[in-house]
Amino acid sequence: MSASLVAYLLVAVAVGVVAWDPTRQDITTVLNKTVCPIKVDIDEDPKRIPKSIKVFKCQKDPNLWCSKMNIPKNECCQTHHDNVKLECVEITDWVQVYYPESKETQTYPLSVGCACVIEEAPLLDNPSPARRANAPPPALPSL
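Just so we're aligned: the sequence shown equals residues -19 to -1, 1 to 124 in mature numbering (1 follows the signal peptide of the UniProt record, and there is no 0).
Careful: at least some of the hints might be erroneous.
Straight line, CA to CA, 30 Å or less: simulated DSS-like cross-link-like pairs of lysine-lysine [as the list claims (entries may be wrong)]: (1) K49 with K28; (2) K14 with K35; (3) K49 with K38; (4) K66 with K28.
Pair ranges (Cβ atoms, derived) [stated by the list, open to error]: (5) P27 with V65: 42 to 48 Å; (6) E56 with D2: 25 to 31 Å; (7) S48 with D22: 19 to 25 Å; (8) Y80 with I52: 23 to 29 Å; (9) I23 with V98: 22 to 28 Å; (10) N51 with D2: 16 to 22 Å.
Bear in mind the hints are in silico, worked out from the structure with no lab data behind them. Virtual Cβ for every residue (Gly too), placed ideally from N, Cα, C.
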């Protein structure tokens, strides 16, 4: 192997290592490795610009992935913990679309992802030992 080819390969490997960022992953890598799996749909309207819009929605049963991966249900989303409820919710944003025939621009709601959110919930029928001892509920973390 020539010295210039070896040098080129070393530079290519170094650039690849520097360019890799663990906080930024391609959608195909992480799509269904989250506690709230995502379903990708394409919203198509030939009379609209853009004609196709990629939509990211919550899967119907988020715990299905957990059960397939042998993760206990209480460690997935869609569960209760004391007075806190974890739930998968769709994240919605708005995008401008244009309809050339009517020369109108409209604001269009768009599902852009799914997240496991924390909500306060009523006390459960089977509270934790701390709850049974009349302990104050845990404070929700501030975000």
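Does the alpha-carbon distance linking K14 and K35 stay inside the 30 Å limit? The given pair, whose Cα atoms are some 19 Å apart, holds under the 30 Å limit.
CA of K49 to CA of K38, is that 30 Å or under? Holds, at about 20 Å.
Pair hint K49 and K28, alpha-carbon separation not exceeding 30 Å: violated (41 Å)
30 Å Cα cutoff - pair K66, K28: It is violated: about 42 Å lies between the C-alpha atoms, which goes past 30 Å.
Range hint compliance [Cβ, I23 to V98, 22 to 28 Å]: Holds, since I23 and V98 (Cβ atoms, about 26 Å apart) stay within the stated range.
State, for the Cβ atoms of S48 and D22, whether the hinted interval 19 to 25 Å holds or is violated. With Cβ atoms ~24 Å apart, the hint holds.
Consistency of beta-carbon spacing, I52 to Y80, with hint 23 to 29 Å: violated (45 Å)
CB-CB spacing for V65 and P27 relative to the 42 to 48 Å hint: holds (45 Å)
Verify the CB-CB distance for N51 and D2 against the hinted window 16 to 22 Å. Hint violated: Cβ distance 30 Å, outside 16 to 22 Å.
Between the beta carbons of E56 and D2, is the distance compatible with 25 to 31 Å? holds (27 Å)
This entry does not satisfy hints 1, 4, 8 and 10, going by the numbered hints stated previously.
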